[in-house]
Each structure stands twice: as C-alpha cells, then as structure tokens.
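Enquirer: Chain by chain, the residues run as shown.
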Amino acid sequence: MSPKWVLLVLEDGMVPEESLCHTIGLARRLGCSVSVLMLMEENVYGTPAGYEQGCKDLEQALDRIRSEGLDVRHSLEHGEKASGLLKHIALIPSLSALVWGGKEDIASTRKKRKGDHWFERVRPAVPCPIVSPRVRKTWPQGLGR
Amino acid sequence: MYMRFSVRRKLYIFFCSVFYPEDSFLSVVSGGIEMAGQRLCPMEENRISVLVVDDEPVALKSLQRILEADGYDVLTAANGEKAVELVESGNFAVVVTDLLLDVLSGLDLLERVKNISADTEVILVTGHGSIDTAIEATKKGAFHYLQKPIRPGEIRSIVKQAVEKRTLALRVRELEAGEGPAFSSITGKSPAIAQIKKLIKRIATSDSNVLITGESGTGKELVARAIHETSPRRNGRFLAFNCASFTDELLANELFGHEKDAFTGATRSAPGLLESADGGTVFLDEVGDMPGAMQAKLLRVIQEREVIRVGGTKPVPVDIRIIAATNKDLKKLCEGGYFRKDLFFRLNVIPVHMPNLADRREDIPMLASYFLRRYCRKMNKTINGFSDEALGMLTSYGYPGNIRELENIVEHAVSMASGPIVQVENLPEDLTEYDVYTFHKSDDRLKSLEEVEREYIRWVLDRVGNRKAEAARVLGIDRTSLYRKLKRFEFKE
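Chains as they are written, first to last, in our numbering: chain A, 1 to 145; chain B, 1001 to 1493.
Please keep in mind that the hints were generated in silico from the structure rather than gathered at the bench. A hint or two may mislead.
[What the hints assert, rightly or not] If you want the footprint, here are the derived chain B segments under chain A, 3+ residues with CB under 8 Å: (1) 1091-1097; (2) 1230-1237; (3) 1395-1408.
[Stated by the list, open to error] Mimicking PhoX-like on lysine-lysine, the simulated pairs with C-alpha atoms at most 25 Å apart in a straight line are: (4) B:LYS1332 with A:LYS87; (5) A:LYS87 with B:LYS1328; (6) B:LYS1189 with A:LYS87; (7) B:LYS1198 with B:LYS1485; (8) B:LYS1485 with B:LYS1328; (9) B:LYS1189 with A:LYS103; (10) B:LYS1485 with B:LYS1189; (11) A:LYS87 with B:LYS1198.
Fair warning: this is a prediction, and the values are worked out from it, not measured in the lab. Ideal Cβ placement from N, Cα and C applies to all residues, glycine included.
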C-alpha cells in the first residue's frame, strides 16, 4: 500500500505548537506519514535568516513526531517559497492534507489579503484539503482556561 | 378506596425491595440519570434500547431489572427533563414513563418524545388512572396505558408488542422508500446524500461503468457496493482493488492473472481479479494512480470485454461492470498527459461525486451516533450520546479526512469516556485546544445566499431536535416565516 501523507508547511525556522500538535493528531487519525517542509527565504548574503535556530527547532519537531510513532520525512527549501512548495507537493504521491504552519494565519490571509500572500498563488494547485490551526480564543464549556 | 390502594402500593414497593435489593450493579445519581454501571455480560449486537422514567427509585429499579432480563438495553431517568435529554442523544425503541413526574408530566414527556423521535413508542404507567387521561394519552400517540401495580408478565408483553410495532413500521418505511440493506451503510439525510441514493437507484438497472470522485474518506467504496448490491449483478462477486498499492508488474498479475511459467515462481496458471469477478462488479480504487501501461491494458478490457493473462496469448472473455474511484481530478490529469483521455471517457459514463463531510454537516450528528453505537458495542461500553458542547465541536470541525476521520475521533472519544455521555475533554486534544480552519477544494466555488441560508436552517433544526418553535427563536424569525422557508426549500420532516 502506498503511504498517504500529511504535509506540514513551516516558514523561516518557526515551528508553531498548534500546527505541530494538529499535524500529529491528524496523521494518527488518518493513518498517514508526516512530511515536514521548512521554507526559508535567503537574505542578501545568500544564507537563510535564522537558519541555525530553525534547524534546531525542526529537529526537535521531527523527534516529537517520531516519538508519537509516526513515520516522518523532512525537507528544507531555500529561496522562492511558492515554487519550493509546488516542487515538494509534486514529489508526494498521495497527499491527504496540508497543515499550514506558516507565519501568517492562512484564514485571515485568505480573507483580508487575498492575492498578496505567496501561498494564495499556489493554493489552487494544492490537491488536498488545507488545514490552518490556531490558538483557540474561546473554549467550549467545561474547558475554560 | 384510597387506603386500599395505598396499602397495595406499599406492599408492591416492599416486594420490589425484597426481591431486587440494592447492589453495586446499579448506581443512583440523585435527581439525575440513573445508569447501569459496568456491565456484567458483554453487550450483544443490535440490542434494543428502552428508557424507563419514574421518580420512585424502587419502581424504577424493578422495571429496569424486569426488562433487562428480557435482553433489552435499559436506561433510566428520574425525571422528565433528563428523559428528554436521553431521548435527544440516543435511539430508544420504547419509553416507559410514569404519568406523574416533577416539572414535566408523563403526557408532556410523551409529546416531547414524539416530537424528537416519532418512531419511539411510549407506554404510560400510572397509579392514579382515569379514563380522561387514558383517552388523552392515546390521542397523543401513546402505545399503551398501564395501571400500577404492574405485573412483570404484563409489562414484558406490552414492551415486546411495542418493539414489534416499531420494527414493522421501520421496515415498511424502508421498503416504501425502496431502500434495502444496500443503503443502510450510507448514513445521512442531507440533500446531497438523498441525491446520491436516488442516483444509485436510477443506475441500478444499467450496466454502464461508473466513476466515483471525492476526497479520501468520503465513502466511495460504500457507494460502489450499494450500486453492485442494487444491480442485476448482485448475485455475482464484488471485488475491490486499490490501484495505488502495487508496482506495474504486480498490478498486471493481480488484475489479469498469469499462465504457468510466465515468470519465475509461476508454477501454475492463475486467473486474475477481472476474470474472478466474471458476472459481477470490479471496484478499482485510486484509479488516478494507475501507471500508464496498465491504463492501456484496462482500456482494452473495457473495449473488448476480454483479458489476456500475463504470459498468455489466448483472450478470455469476461462479463464485468467496472466502478472506478479517485480522489484526483482526472480531467486535469488528462490535460497533463498523466491519464489516458480515452480511458477517462470509458470510465466516466456515469459520474458520481461524493461530497465532503464538511459540505453535509447536517449528517454529522447522525454519523457520530452511528459510530458511537458501533464502538460502544466493540468496546463493551454504555454511552448514550454526546454532550451539547462535544456535539457542537464535532459539528463545527472541518474534517480534512472526512467520514474516516469522524469515525476515528468517535472511536477515540468512546475509549476515553468514562461516563454515560461523551464530553468535550474526551475528544482528541488537538481539536479541543485549537481552532482549526479547513479549506476543501470545493471552497473555491462561492455559495449563493440561498444555499447558505438553506444549510444553516437545516443545521439549526438538527441541533434543536427539529423543534420548529425553538429553531425559529434561534434563527430570529417567526414560525410562519420558518415554515414558509421550509416549504420553499422543500425540507422533508
């Protein structure tokens, strides 16, 4: 059986807890492997900003996914983010969901700045549901914080 | 007269307390729901649920024991309000209720139960019976009206009759709707699912190939099975095959079979899947992932209605119907040259599109209850339903993994739940901790105001148990306007 994948898209060395947590939950529920893609922009000197810290955080995230018993593979793309993402998607045969872990909230990106954000240009080419978790502002009754 | 009755009643209670003493099997929650605790014997498949409502704990317990001895799954409630909550979250065949209850009388409860679930039969029990109340109860749809003290044999017989009546009514409705067991696995009452059921019935007699599209986990294989089971080929075999699971060579071997000595290890000839399904239906899942060479071979099978085994030269005629499924956009794959156009047209004779679960949210409570019952049976647990908050969370989530994900969430919740109701904290942590926005591919199409209004009204009606007055209050419109809209949108009760 060819494996199915949940793709976690990260930007510029940052690993948001909500995206990582939801990726793990989703992959477990759907019986998928996890592919983590870190997209990094290069600065004027040709090296990605926050590269070292980014690598360290990514490594921790990968360890956590592995510790949950999930198969994981990762990739680090420097340069233009939209083409980096498209290239990565093309290499995954069966994608079940894309979890957005980028800097901007994709839900508000879509509503307020449609067309401005690089992800909006590639969004129609994503062949699966796109999921954007964010910290809950209101909790259901009984789970107040 | 009153004295005589009172003495009989006390004797009855004494009798019950002697023969059915308190034990650890029953836990009494004061003023609330009384539940059987851990079960001593495993729950059987398809047990019939009966709800007993009485404010006298002893009478309640004795009725529970009598009915449980007959194999029913008995839940109890000490008052009408709790009974309504249970009826809203569960699926009861029969409700046995005392006429005199606090706040909500037995007659009021009868009305509420019939509003929530018209199929549930209600038996009223009273120690203060009068002809007037008996007539009123019958008018309101009660199945029977019993005088206390109840004889065990009498209540057993009446509950049995009520269950039989309900079973017959459900079966008749199923037959009238033309829905047999083939449809039972396609759960949902949304317009989208109703359309699919209609389509399946329409194409049942045809022998054309079918292409089922839809995201992963939307139930494509269930639809393929339903098409097979309603077709004239139902006595033939239904063989499902995942095209993405094999390499080119293995795929050819599995589909077409092989002759002796076709390759190393082929010690004897073996038919392939297409031959084995002769006279039946072949379901090719993930057909969009089929390699190019195999696409050409499959096209030949469809055109010529014959297969040639690997290593063979002699064509073998086959009589099969092909139902293919994919979660990919085959048209786009054709444009990109990844999928043969001629094969696409051959497969796409009757297209069926399975909607995302998020596009038919009104089916989520029903599906969740279905999975809840399934996993309660599997895990030998007694859980009656979901709390409002948990159900609200389940209904509002976006389900990128569709029904498969909902099933998994409910399985998780059942394994975590320790009480009679699934609470929010029993749901997976990543759903309770975070707000999750899901964008399905269909989100690209903007919905009309009417579509949104229709979906929202249906959602509200589901949430309030189809109570029109309550729905109108939530929607902020008067009942007349709601009825007008319901008529316009042709909602079926």
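Enquirer: Now, for every hint given, state plainly whether the structure supports it.
Expert: How the hints compare with the structure:
1. 1091-1097: violated (count 0)
2. 1230-1237: Violated, because only 0 residues of the segment 1230-1237 of chain B bring their Cβ atoms closer than 8 Å to Cβ atoms of chain A.
3. 1395-1408: Held - the segment 1395-1408 of chain B has 6 residues with a Cβ nearer than 8 Å to chain A, which meets the minimum of three.
4. B:LYS1332 with A:LYS87: Holds, at about 18 Å.
5. A:LYS87 with B:LYS1328: Since the Cα atoms of A:LYS87 and B:LYS1328 sit roughly 18 Å apart, the hinted pair holds (cutoff 25 Å).
6. B:LYS1189 with A:LYS87: Cα-Cα ~41 Å, so violated.
7. B:LYS1198 with B:LYS1485: holds (24 Å)
8. B:LYS1485 with B:LYS1328: violated (37 Å)
9. B:LYS1189 with A:LYS103: Distance ~40 Å between B:LYS1189 and A:LYS103 Cα, so the pair is violated.
10. B:LYS1485 with B:LYS1189: holds (18 Å)
11. A:LYS87 with B:LYS1198: The hint is violated at about 42 Å.
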